[in-house]
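**Q** Read off the chains here:
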Amino acid sequence: MARETRKQEEEESGEFAEFLADVSQEIAARVESLQPPPPPQQAAPVEKKKTPIASDGGMIVEWPNIADRMIEEMR
Amino acid sequence: MSVVNYGTREITCKIVYYGPGRSGKTTNLQHVYSKLPEERKGKMVSLATETDRTLFFDFLPLDLGTISGFATRFQLYTVPGQVYYAATRKLVLQGVDGVVFVADSQSRQMAENIESLQDLHANLADEGLDPRSIPLVMQYNKRDLPKSEISSIEELDETLNFRGVPHFSGTAVTGGGVFETLRSISTLVLSRLSAPAGKA
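Residue numbers (the numbering used here), protein chains in the order written: chain A, 1 to 75; chain B, 1 to 200.
A few of these clues could be false.
Unchecked claim - Partial list, derived from the structure: chain B residues whose beta carbon lies under 10 Å from chain A:
1. V32
2. L64
3. G65
4. I67
5. F162
6. L193
To be verified - Quick list of simulated restraints, FRET-style, between CB atoms:
7. E39(B) - A29(A): 20 to 30 Å
8. G69(B) - E73(A): 51 to 61 Å
9. A87(B) - Q25(A): 30 to 40 Å
10. A29(A) - F162(B): 25 to 35 Å
11. A71(B) - I71(A): 50 to 60 Å
12. S133(B) - Q25(A): 51 to 61 Å
13. A21(A) - T174(B): 14 to 24 Å
14. Q25(A) - S107(B): 49 to 59 Å
Claimed, not checked - Residues on chain B that point at chain A, a partial pick, calculated with CB under 10 Å:
15. R22
16. H31
17. L36
18. V45
19. S68
20. F74
21. Y77
22. L145
23. V173
24. T174
25. G175
26. R183
Just so you know, these hints were derived from the structure itself, not from any lab.
Beta carbons: idealized from backbone N, C-alpha and C, even for Gly.
So that you can see chain A by itself, here it is in the shape it has in the complex (with noise of 0.2 Å):
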């Protein structure tokens, strides 16, 4: 009797157990496709240029690119 008990409940945990593995074969096959999808990429940001310093007497020492700071103060 103990016995045909004890056999009745590993068959009823039996179902459970057969039902969760195919849930988890399931998910583990799409677990690839569940991958979100990587984030755009953003392009590297524009460093700006700074307004050169000026040296002791407003006397301008330092202008590289002067076309191009020109242009970029314009927009």
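Assemble chain B onto chain A, guided by the hints.
**A** Showing chain B alone in chain A's frame:
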């Protein structure tokens, strides 16, 4: 809809058992609940009248543990089958991922089966869901009744299963076909899993 939350690594699916009154929807859930290992047994919420009819709905949360790194939860619901609980059925269908239609195999219940199926389609459409494409399986329950009282599987299939979805014979009262049905609808639902926008 199915929720795949990558942040918290969770999958949540909602399955609704639909069908006419007394077709065996609650019995399906009770059988599943009875077979759950103790460590996974949550609470089955069941609101019944004095005559054991489902008054509002039944709710059985199934925590399946972590699968492939995702904490997986299924939520099983039933709807009250009686015609006058239409509002409740609509409410329970909100956000549904898959439907098990539990039909009563008794020949005299065929009209109720058809009416319930039409009600399901109308309510799905109201929810903005396509009744022709939502995951669905049929369970022809009460196959243990005398043959003289029940319709054949072929007849039930021809009358109710015009989509040709998977169908199962059920004797829910003894557990026959219950897990086969659940496995089938779960596989269908999982095959459609996708990440909702903004959840990634």
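**Q** Holds or violated: the hint that Y77(B) contacts chain A, with Cβ atoms closer than 10 Å.
**A** 18 Å, violated
**Q** Does the interface hint hold: is R183(B) within less than 10 Å of chain A, judged Cβ to Cβ?
**A** 5 Å, holds
**Q** With respect to the beta-carbon atoms only, verify the hint that A71(B) and I71(A) lie 50 to 60 Å apart.
**A** 55 Å, holds
**Q** Given F162(B) as an interface hint, is its Cβ closer than 10 Å to any Cβ of chain A?
**A** Since the shortest Cβ distance to chain A is 26 Å, the answer is violated.
**Q** Hold the hint about S68(B) up to the distance rule: shortest CB distance to chain A must be less than 10 Å.
**A** 4 Å, holds
**Q** For the pair E39(B) and A29(A), does the Cβ-Cβ distance stay inside 20 to 30 Å?
**A** 26 Å, holds
**Q** Holds or violated: is the Cβ of I67(B) closer than 10 Å to a Cβ in chain A?
**A** 5 Å, holds
**Q** Given L145(B) as an interface hint, is the shortest Cβ-Cβ distance to chain A below 10 Å?
**A** 23 Å, violated
**Q** Should the interface hint for G65(B) be scored as holding, given a Cβ-Cβ cut-off of 10 Å against chain A?
**A** Holds, because the Cβ-Cβ distance from G65(B) to chain A comes to roughly 8 Å (cut-off 10 Å).
**Q** Let's test the interface hint: is any C-beta of chain A closer than 10 Å to that of F74(B)?
**A** 8 Å, holds
**Q** Any CB of chain A closer than 10 Å to the CB of T174(B)?
**A** With Cβ-Cβ at 12 Å, over 10 Å, it is violated.
**Q** Could you check the hint for me, namely that A87(B) and Q25(A) are 30 to 40 Å apart, CB to CB?
**A** Check passed, 39 Å falls within 30 to 40 Å.
The structure fails hints 5, 12, 14, 15, 18, 21, 22, 23, 24 (numbered hints given earlier, in ascending order).
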